[in-house]
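Chemist: Residue numbers (numbering that gives the first Met the number 0), protein chains in the order written: chain A, 0 to 447; chain B, 0 to 447.
Derived by calculation from the structure, the hints in this document are not laboratory data. Be aware that one or more of the hints could be misleading.
Copies of the same chain are indistinguishable here, so a pair counts whether it falls within one copy or spans any two.
With a cut-off of at most 25 Å between alpha-carbon atoms, the simulated DSS-like pairs for lysine-lysine come out as follows [unchecked claim]:
1) LYS182 / LYS69
2) LYS22 / LYS182
3) LYS22 / LYS377
4) LYS79 / LYS335
5) LYS182 / LYS79
6) LYS356 / LYS182
7) LYS339 / LYS377
8) LYS377 / LYS293
9) LYS126 / LYS335
10) LYS22 / LYS126
11) LYS377 / LYS69
12) LYS335 / LYS356
13) LYS377 / LYS335
There are 2 protein chains.
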Amino acid sequence: MMAESQHHVVIVGGGFGGLYAAKALRKAPVKVTLIDQRNFHLFQPLLYQVATGTLSPADISSPLRGILSKHANTQVLMDKVTEIDPQQQQITLIHQTLSYDTLIVATGVRHHYFGNAHWQDFAPGLKTVEDALELRRRIFLAFEAAEREPDPVRRRALLTFVIVGGGPTGVELAGAIAELAFKTLPQDFRNINTQEAQVLLLEGLDRVLPPYPPELSAKAAAYLRQMGVTVRTQTRVTHVDSHGVTVEFSADQPQAQAIPAHTILWAAGVQASPLGQQLAERTGAELDRVGRVKVSPHLNIPGYENLYVIGDLAHVAGQNSPPLPGVAPVAVQEGKYVAKQIQARLQGQALAPFQYKDVGSLAVIGQNAAVVDFSGFKFTGIAAWLIWVFAHIYYLIEFDNKLIVMLQWGWNYFTRQRGARLITHPAVPEQVEHPSERAVAKTPTSVP
Amino acid sequence: MMAESQHHVVIVGGGFGGLYAAKALRKAPVKVTLIDQRNFHLFQPLLYQVATGTLSPADISSPLRGILSKHANTQVLMDKVTEIDPQQQQITLIHQTLSYDTLIVATGVRHHYFGNAHWQDFAPGLKTVEDALELRRRIFLAFEAAEREPDPVRRRALLTFVIVGGGPTGVELAGAIAELAFKTLPQDFRNINTQEAQVLLLEGLDRVLPPYPPELSAKAAAYLRQMGVTVRTQTRVTHVDSHGVTVEFSADQPQAQAIPAHTILWAAGVQASPLGQQLAERTGAELDRVGRVKVSPHLNIPGYENLYVIGDLAHVAGQNSPPLPGVAPVAVQEGKYVAKQIQARLQGQALAPFQYKDVGSLAVIGQNAAVVDFSGFKFTGIAAWLIWVFAHIYYLIEFDNKLIVMLQWGWNYFTRQRGARLITHPAVPEQVEHPSERAVAKTPTSVP
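Whenever a hint applies, use it, and build me the whole structure from the sequences.
Modeler: Pasting the structure below:
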């Protein structure tokens, strides 16, 4: 049982930041409450493998209660935070109110449509298990509808997959869909040739993987093209609807083009969780352009020593200039740092400011094809792919029975099968709208 | 490519009956079209393990296209049959119309509420992947809500799980939920003792597993009680709502009792798919009490030699008296028989009537606890459990990478972990209604 007088650390969010903070507090003389809307921790870096039918949601998730069940000082609450009161040191949940001595907010980001929220229905993003299952449903339904479609123009649109955004998620999705269409599925259909599918990766900047070193961007683009992906950089999406996308390319002489496409996937931008906004209003903290909270070098909100923001929700100024990227290793290190910092403060000490130990950047494009940047050491090809595999297994293995994932990968690697390509929610095949009709009729030459 | 002049066999339904018919026609000089609303075959006997968080849907499903991809004479259509015209030998789907030379209808059954369809919202059944995920969501949300609930009466209702129906599905669900509450979860909660959960199995007849030999029913009931399940036979459910169930027991002196319960699972009855009714209207075929189509000893509809009904949708009179049970081995054998029968008919020959080769009855109650009846040889305990494990793996192994299931089981067996206990669809914790309130207030002593 937990003593009421103990220092109470409340952690909001069971992603990489929040979970690793909780884990690191296991032996600390504090009482810990971890709150999440979901009952599981999600290994988000592999979510695209759920979306493309390789893994099941449970393969990349672990129940939070299970992970923390042996932490005697920790309780898990499945609930949602609606209000934070930094003055009273209280948070309001849907089902109760809690007081804290120290609060760690780690509620992450959602995808973002740059003021075009209505695009979401036509171009869903990939952040949650439900997102991944919806993408999976759309991708595999498109092939099914194409198989039934006699009209070649409509069939073409049904077999066109547009991925908006050339960051790691977009690159990984494009590679996985290309593998599906060009390697896994051809034998399974009778009326269509899935190798005629078009996989388009659209990026607004001048190269894919913009945060990576340019050589790796070039290598990644080359891999993608080898695999059959059409990579279009300096291409801005100006319109999205059920018929496809309209893009504008070439910055000097903008030209608009409509691309009829049944399946559009959004990997183009993120926006901070709304709790960031609330924290800013109540503490005077600054937010950056995407709503992340600017924190001190010790990861707390300036003026609030017991209020930390970590993970994707935090804007941590980099040593040189760009803020730390929203990736799992940053969040993990921040979680561990804050746990140490809390213990130091309880003993009247202070830690040096947080310093991110760069573990490198990784992106996988397909079997044997990946790019890795290990603080200057760059790998590509099968070496990079193996590093990617083992880096992920290293993390997954901490949780539960995730060795299974390795076996599943091994099996998929040798068979090119995708056992998890189920179409669910809803079950019954709907009347598929025909994206090509309107889009072809109105092909614009310029969009205002 | 398939010659248009070839004999066209259309199979409706990719369950055990339809799929095994298609598989057995691989080398036959016919063109085969398999139609299913879903893009995967589901190994329904293990669905309860999805509902209770042990397996993922993809572990017990295989894409139909993948299974049949090497069958050059076979095409798969994901579509839904709306009309069958036995005179014109045509079927209408949502997306097209097809002509057939031979039709095999194998669309199975759904659960059935005996004229109380509105009970479905409060007591969902278990036939589809979506059903299983909904059950999983309800079961694990109930524990989460109990953990937050200060009121002991409400907590009690939240920790009460009622399973209606003591057939194999009900018995397996009750056993799995008891294992969860009493063995897997206790360490994971801080405010509740999950061992105080009540798991009630209600059966209207005088014993569980009514179709099995009485000794095995007795043994199964004993196992269930050992595991902490409250087994109540001769107990009829007369009312279901969001607060719980009302039951009537003791046939001579009916007494009603309200049982406040947050989670009610329906495993009490089935009803034939609506295509059975349509077939009856258009061919004059007879239906049985639950809507199954009475077929000839050759499994066709009397008067329609090229129209077969197999699997759970068929009522096949048994050698002695009760019709064959709606289980996988019956459907598989019927599918294979019809495939042979079609080939014989094309050669002007005729097969002897269908005869079911009894492979025994199986039900698993928990780890090391199962009952098996192998045509007279009865097993219980760990021997029966091992037979059950291997019988299922034998079937699963035909498909894809389902060896993974065995590894998952092995892991679960030794760790008692349940990696797949995710709460999904919808994501955010809702306000949970409090079942005890109304039910306790109005506890009836008799229900009309």
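Chemist: It remains to establish, for every hint, whether it holds in the given structure.
Modeler: Now for the hints, and whether the structure bears them out:
In this assembly of identical chains, the alpha carbons of LYS182 and LYS69 lie at most 25 Å apart only when taken from different copies (15 Å versus 44 Å within one copy). Taking the closest pair of Cα atoms, LYS22 and LYS182 come within 25 Å of each other only across two copies (24 Å); inside a single copy the shortest separation is 41 Å, beyond that limit. Taking the shortest Cα distances, LYS22 and LYS377 never come within 25 Å of each other, neither inside one copy (32 Å) nor across copies (49 Å). For the homomeric pair LYS79 and LYS335, the shortest alpha-carbon distance inside one copy (23 Å) is at most 25 Å, but the shortest distance between copies (53 Å) is not.
Taking the closest pair of Cα atoms, LYS182 and LYS79 never come within 25 Å of each other, the shortest separation being 43 Å inside a single copy and 28 Å across copies. Proximity of LYS356 to LYS182 under the C-alpha cut-off of 25 Å is found in neither arrangement, the shortest distances being 38 Å within a copy and 41 Å between copies. Proximity of LYS339 and LYS377 under a CA criterion of 25 Å is satisfied in neither setting, with 32 Å inside one chain copy and 60 Å between copies. Proximity of LYS377 to LYS293 under the C-alpha cut-off of 25 Å is found in neither arrangement, the shortest distances being 31 Å within a copy and 69 Å between copies.
With identical chains, the CA atoms of LYS126 and LYS335 are at most 25 Å apart within one copy only, with a shortest distance of 23 Å there and 45 Å across copies. Taking the closest pair of Cα atoms, LYS22 and LYS126 come within 25 Å of each other only inside a single copy of the chain (23 Å); across copies the shortest separation is 39 Å, beyond that limit. Taking the closest pair of Cα atoms, LYS377 and LYS69 never come within 25 Å of each other, the shortest separation being 40 Å inside a single copy and 42 Å across copies. Proximity of LYS335 and LYS356 under a CA criterion of 25 Å is satisfied intra-copy only: 12 Å inside one chain copy versus 62 Å between copies.
In the homo-oligomer, the alpha carbons of LYS377 and LYS335 never lie at most 25 Å apart, since the shortest distance is 27 Å inside one protomer and 57 Å across protomers.
Violation of the numbered hints given earlier is confined to hints 3, 5, 6, 7, 8, 11, 13; the remaining hints are satisfied by the structure.
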